[in-house]
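Quick mapping for you: the protein sequence lines, in order, are chains A and B. Take 1 as the starting number for the first sequence in the numbering used here and just add one per residue. Take 1 as the starting number for the second sequence in the numbering used here and just add one per residue.
None of these hints come from the bench; they were simulated from the model. Think of the CB as a built atom: it goes at the ideal place given N, C-alpha and C, for glycine as much as any other residue.
Looking from chain B toward chain A, a few residues come up when the C-beta cut is under 7 Å (computed):
(1) C9
(2) P10
(3) I14
(4) A17
(5) P36
(6) A37
(7) V40
(8) D41
(9) A44
Spelled out from the first residue to the last, the chains are:
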Amino acid sequence: MSASPVYLDAATAAPLHPVARQAMLAALDDGWADPARLYSAARRARQLLDAAREAAAQTLGVRADELSFTPSGTAAAHAAVLGGLAGRRRAGATLVHSAVEHSAVLHAAQRHTAAGGAAVSVPVNRLGRVDLDAWASAVAAPGVALAALIAASHEVGTVQPVPAAAELCAEAGVPLYVDAAPLAGRAPLPAGWSVLSASAHKWGGPPGVGLLVVRKGARWESPYPADERESGRTPGVVNLPAVVAAAASLRAAAADAAAEAARLGPLVDRIRARVAAEVPDVEVVGDPVDRVPHLVTFSCLYVDGEALLHALDRRGFAVSSGSSCTSSTVRPSHVLEAMGVLSHGNVRVSLHRETTEADVERFLAELPGIVADLRAQAGVTDL
Amino acid sequence: MLDCRGQRCPLPVINLARLVPGLPAGAVVRVLADDPAAAVDIPAWCRMRGHEFLAAHDGPAYDVRV
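Build the full structure now, drawing on both the sequences and the hints.
Set out below in structure tokens:
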């Protein structure tokens, strides 16, 4: 008997918001032309693009001319880091970043160091929160061009002290890039950044749309060959139907964000409490209070993370894992590693607007037995 | 000495946990483990089980006092 599926991996990709579907279908009919051309179909496309930009900017509280649509959140993160470094190359060649940035930011940092630049990783505590004393001395060091801090951990949910980190950056005269992908459409954005990125499929928009916001006056220079699209910040014609859907769903998600946080926050509290109480030898990680409302991560001692994902999948549960006990990854999650918490048997559960209390209850009812079975199969029950 | 080289996570921690009950209190075990997860998981296991993680060495190797 196969159980009905329960999707609990919104932090990877939230299910498409109904508003996104409607907007995309409308824009497929009306927004197929190239918005840069000078005929009526192009003007209609231009109007859709302008309206999408205006709506997204208004939702995020930024100016429309500060916001560009990119081909993905990853592309936006790459552009934010490499463009922020390029725009400040006369100030120095050092990127300061937290140890728990998204891999897109770390890969951009690797590109920067491979080209002769420097990168300084600032440690986090056991809860995954960046060490502000270490951050202060890292950004105040000579030659820092840019600092990068994720708004909240995408793997464990801990909210980062962005306003305090931004203040330290301002004192040092260093611009701050904030990866807002875990927060956009779910909570108000923190203040104090110069460059920001987000990703539409995290809030219920379609995949293949990212946001790059560069504050007026911020030093940022495109790392790409010249292109006139999107204020020269990202090359190529945008996927207009997807962009329209992204903007419409961002507005809808942000309008419901407070209510959704009030609904999902207690469900995550319940998961945190019940998993800790009902699964033996489990470590629930991340800040229990100062966290994003929809995400919780835990690790089960002696359990193979990949085996756990497969066992959950067989029972109809879709979750993700930061464990490395898989064929595709050699290293465990750099986030769990930086926090110094158990990395194997790891599960990240992330909720969304379609998640019901019954879904969570079914997950909580089945998880202890699934973990116990895996431990029995591995012969580790008595350890 | 416990040689867990070539073992993927969570096997090094499982084998350490199997070895420990037979050791006298205060004994020091050196675990050889080349899986990168061991660097995180052996100290985390010590914390969860109340053992003392002494040090990590090149090799890589990890010293645990039980």
